[in-house]
Amino acid sequence: MNENLFTPFSAPTILNQPATIPIILFPTLLILTPKHPINNRLATIQQNLTRFTLKQMMMTHNAKGQTWSLMLTSLITFTATTNLLGLMPYSFTPTTQLSMNLAMAIPLWAGTVMVGLRFKTKNSLAHLLPQGTPTPLIPMLVAIETISLLIQPVALAVRLTANITAGHLLMHLIGNTVLALSTTNLSMALLASTLLVLLTILEIAVALIQAYVFTLLISLYLRNNT
Amino acid sequence: MTGSGSRHLPPQDLCLHETGMSSGHQDSKMASVISVKDKKLLEVKLGELPSWILMQDFSPSGIFRAFQRGYYWYYKYIDVRKGSISGVTMVLACYVLFSYCLSYKHLKRERLRKYY
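Taken in order, these protein sequences are the chains called S and Y.
Under this note's numbering, the first residue of the first sequence carries the number 1, and numbering increases by one thereafter.
Under this note's numbering, the first residue of the second sequence carries the number 1001, and numbering increases by one thereafter.
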């Protein structure tokens, strides 16, 4: 048993010095920077993936929204590589820390709101009231919509944190169970298969990144276009 | 060559070696000695290992140059025409080992059962 189930989530230290910054910067080593027009196989794969995600994300935006493409592409690349690296055996995932996710979510959300308020003030304020509401309900609905707007960054951050943390925790628990049962009971085979299935499903952590960027995207889209 | 300057022999050592061989026996023995600091790791004798480690450059620019050297060494496994997963797997294996070392302090208390 672990001395405490949450020790894998504690901040890593090298000789009692915090080592989070090298670990956060590690995914950059895995991303190639090809310099030729036609590259080798790995660089072409990476290039094609980037082009595919970029096209999918930025298709729905107008010119002003597309100035955000670098920000959003780097966001999705960083979150995807960080979450996938967290599936390695003893690694530390920085996105399990709420502090980091809040630091990512709040500035980006605030940026979208400010862009909307500055360039299309009337439109963005008009979003606070859905179309076709009966007149007596209007004050309450404005309050509700404001609250739902203000809760967006917190929801983004907490969603990412909770999903990744819960997945890692579950894998630890099931792994410990399999190990403990392997001596007494051979229903370990069943549980091992559950672990494997869970691992595969957890690689839909990448889908979580999609969710992250997409929700960010949706708010940007609304602010800019409508 | 970027990042590998401190690893190659400086040119004057090679010239001295050649002139030493042509002029005399004693001169050649003295001229072919390379200082311990400049040797690569595989050429250092075992007795010299602590002094080799201590003589390495631990300043920030030295550490940066070491990382740069490592990166370019790694790049020759990645920058090939038909790359495969073996290049990335090397890095990931090292990353797993590194993370194990980081979390050893917690891991050494793990037991399969509370009482044996």
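Because the hints were derived from the structure by calculation, they are not lab data.
No residue lacks a Cβ here, since even glycine has one placed at the ideal position from N, Cα and C.
Hints may contain errors.
[Unchecked claim] Residues from chain S shown here face chain Y by an in silico Cβ test under 7 Å; the list is partial: (1) 21; (2) 42; (3) 46; (4) 89; (5) 91.
Structure-based check of each hint:
| no. | hint | verdict |
| --- | --- | --- |
| 1 | 21 | violated (13 Å) |
| 2 | 42 | holds (4 Å) |
| 3 | 46 | violated (10 Å) |
| 4 | 89 | holds (5 Å) |
| 5 | 91 | holds (5 Å) |
Violated hints, in rising order: 1, 3; the structure is consistent with all others.
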